[in-house]
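> In the order they appear, the protein sequences are chains E and G.
The opening residue of the first sequence carries number 1 in our numbering; numbering runs sequentially from there.
The opening residue of the second sequence carries number 1 in our numbering; numbering runs sequentially from there.
These aren't lab readings, by the way, just hints derived from the structure by calculation.
Fair warning: there could be bad hints in the mix.
To be verified - Result set (SDA-like, lysine to any residue): computed pairs, CA atoms no more than 25 angstroms apart in a straight line:
(1) LYS48(G) / VAL85(G)
(2) LYS48(G) / ILE10(E)
(3) LYS48(G) / ALA81(E)
(4) LYS48(G) / ALA80(G)
(5) LYS48(G) / PHE109(G)
(6) LYS48(G) / VAL5(E)
(7) LYS48(G) / LEU35(E)
(8) LYS48(G) / ASN31(E)
(9) LYS48(G) / HIS28(E)
(10) LYS48(G) / LEU72(E)
(11) LYS48(G) / ALA112(G)
(12) LYS48(G) / THR24(E)
(13) LYS48(G) / ALA66(E)
(14) LYS48(G) / GLY64(E)
(15) LYS48(G) / THR20(G)
(16) LYS48(G) / SER89(G)
(17) LYS48(G) / LEU61(G)
(18) LYS48(G) / LEU35(G)
(19) LYS48(G) / LEU87(E)
(20) LYS48(G) / THR7(E)
(21) LYS48(G) / VAL12(E)
(22) LYS48(G) / ALA60(G)
(23) LYS48(G) / LEU44(E)
(24) LYS48(G) / PRO33(E)
(25) LYS48(G) / GLY59(E)
(26) LYS48(G) / ALA107(G)
(27) LYS48(G) / PRO110(G)
(28) LYS48(G) / ASP105(G)
(29) LYS48(G) / LEU56(E)
(30) LYS48(G) / ARG138(G)
(31) LYS48(G) / ARG82(G)
(32) LYS48(G) / SER38(G)
(33) LYS48(G) / GLY39(E)
(34) LYS48(G) / PHE84(E)
(35) LYS48(G) / VAL110(E)
(36) LYS48(G) / TYR71(E)
(37) LYS48(G) / ILE120(G)
(38) LYS48(G) / VAL40(E)
(39) LYS48(G) / ARG92(E)
(40) LYS48(G) / LEU65(E)
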Amino acid sequence: MNGAVPTTIIVVGLALAGYALLMTAINHRMNVPLLAALGVLEILLLVEVGIVVAHLVGGHHPAGLATLIGYLCAIPIVPVAAAFWGLLERSRWGPAVVAVAGLVAAILMVRLHQIWPAIHV
Amino acid sequence: MSEPTASPEQPASPPDSTRTGPGRLLVAVYALFALSASARAGVQIATKFSHAPVAYVLSALAGVVYIIATVTLGRGGPTARRIAVCSCSFELVGVLAVGTWSIADPATFPDATVWSTYGIGYGFVPLVLPVFGLLWLRRVNRRDSIQPTIVT
């Protein structure tokens, strides 16, 4: 991958997805450790977005600039939306929503660096 | 003794039943596809429509169908459920038709849509999502027909 930050996000996202799926499998509801892990993911995603924005402000642009900006707007929303929607659910399906968010964060990192392969974050 | 037990007057299946339980996951995944398909189509149509017009129009159509499914599954009233059944059915037909079309006539699709090759670019989730949507709607409807609820 293109640097330590996206690699960390992919590892954290997949680990979060695995943990959340385990909670769904053993019939557990949303809990504080899962929310804390979502918070960690959110912070990492904000760091990633900040660094990419710094590259843009520095005068570099990828070919698919519109798509990249779309990604930069969507990425920070993922953990927040998952926390909100998951907390509304008082069953095992709350953590299942969080699992999707973890997977999506990892996929978004891969796609983001396909849109702009030149940068190293 | 003071512990409250499940009261019989509480509806077994409230109007929001399509968005609770497994429906919570379903609505989340539908919302994800609604956002990604329509945003992708929007960018493609705005920046390079002439490159692959058929593919981009079909992406936009998929985006609209996902938005309708997300909203109707999220609302869950009787009318919303009927619309959700229609949009999930349309989505299943769409992913099968566009998937087959994209394999049979790749020249029409120089750029991929959400439904190209049955949604291969999205891990075939577009193919299984409408199936789960329809199964879920059938289950909720059956539960309601056994224990009818008063819809306010």
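> Hints first: check each against the structure and report whether it holds.
Against the structure, the hints come out as follows:
no.: 1; hint: LYS48(G) / VAL85(G); in the structure: 33 angstroms, violated
no.: 2; hint: LYS48(G) / ILE10(E); in the structure: 31 angstroms, violated
no.: 3; hint: LYS48(G) / ALA81(E); in the structure: 31 angstroms, violated
no.: 4; hint: LYS48(G) / ALA80(G); in the structure: 35 angstroms, violated
no.: 5; hint: LYS48(G) / PHE109(G); in the structure: 14 angstroms, holds
no.: 6; hint: LYS48(G) / VAL5(E); in the structure: 32 angstroms, violated
no.: 7; hint: LYS48(G) / LEU35(E); in the structure: 40 angstroms, violated
no.: 8; hint: LYS48(G) / ASN31(E); in the structure: 45 angstroms, violated
no.: 9; hint: LYS48(G) / HIS28(E); in the structure: 47 angstroms, violated
no.: 10; hint: LYS48(G) / LEU72(E); in the structure: 21 angstroms, holds
no.: 11; hint: LYS48(G) / ALA112(G); in the structure: 13 angstroms, holds
no.: 12; hint: LYS48(G) / THR24(E); in the structure: 42 angstroms, violated
no.: 13; hint: LYS48(G) / ALA66(E); in the structure: 11 angstroms, holds
no.: 14; hint: LYS48(G) / GLY64(E); in the structure: 11 angstroms, holds
no.: 15; hint: LYS48(G) / THR20(G); in the structure: 40 angstroms, violated
no.: 16; hint: LYS48(G) / SER89(G); in the structure: 30 angstroms, violated
no.: 17; hint: LYS48(G) / LEU61(G); in the structure: 17 angstroms, holds
no.: 18; hint: LYS48(G) / LEU35(G); in the structure: 20 angstroms, holds
no.: 19; hint: LYS48(G) / LEU87(E); in the structure: 40 angstroms, violated
no.: 20; hint: LYS48(G) / THR7(E); in the structure: 32 angstroms, violated
no.: 21; hint: LYS48(G) / VAL12(E); in the structure: 36 angstroms, violated
no.: 22; hint: LYS48(G) / ALA60(G); in the structure: 14 angstroms, holds
no.: 23; hint: LYS48(G) / LEU44(E); in the structure: 33 angstroms, violated
no.: 24; hint: LYS48(G) / PRO33(E); in the structure: 45 angstroms, violated
no.: 25; hint: LYS48(G) / GLY59(E); in the structure: 23 angstroms, holds
no.: 26; hint: LYS48(G) / ALA107(G); in the structure: 17 angstroms, holds
no.: 27; hint: LYS48(G) / PRO110(G); in the structure: 12 angstroms, holds
no.: 28; hint: LYS48(G) / ASP105(G); in the structure: 21 angstroms, holds
no.: 29; hint: LYS48(G) / LEU56(E); in the structure: 22 angstroms, holds
no.: 30; hint: LYS48(G) / ARG138(G); in the structure: 41 angstroms, violated
no.: 31; hint: LYS48(G) / ARG82(G); in the structure: 36 angstroms, violated
no.: 32; hint: LYS48(G) / SER38(G); in the structure: 15 angstroms, holds
no.: 33; hint: LYS48(G) / GLY39(E); in the structure: 37 angstroms, violated
no.: 34; hint: LYS48(G) / PHE84(E); in the structure: 36 angstroms, violated
no.: 35; hint: LYS48(G) / VAL110(E); in the structure: 23 angstroms, holds
no.: 36; hint: LYS48(G) / TYR71(E); in the structure: 18 angstroms, holds
no.: 37; hint: LYS48(G) / ILE120(G); in the structure: 23 angstroms, holds
no.: 38; hint: LYS48(G) / VAL40(E); in the structure: 37 angstroms, violated
no.: 39; hint: LYS48(G) / ARG92(E); in the structure: 43 angstroms, violated
no.: 40; hint: LYS48(G) / LEU65(E); in the structure: 13 angstroms, holds
Hint compliance for this structure: hints 1, 2, 3, 4, 6, 7, 8, 9, 12, 15, 16, 19, 20, 21, 23, 24, 30, 31, 33, 34, 38, 39 are not met, and every other hint is.
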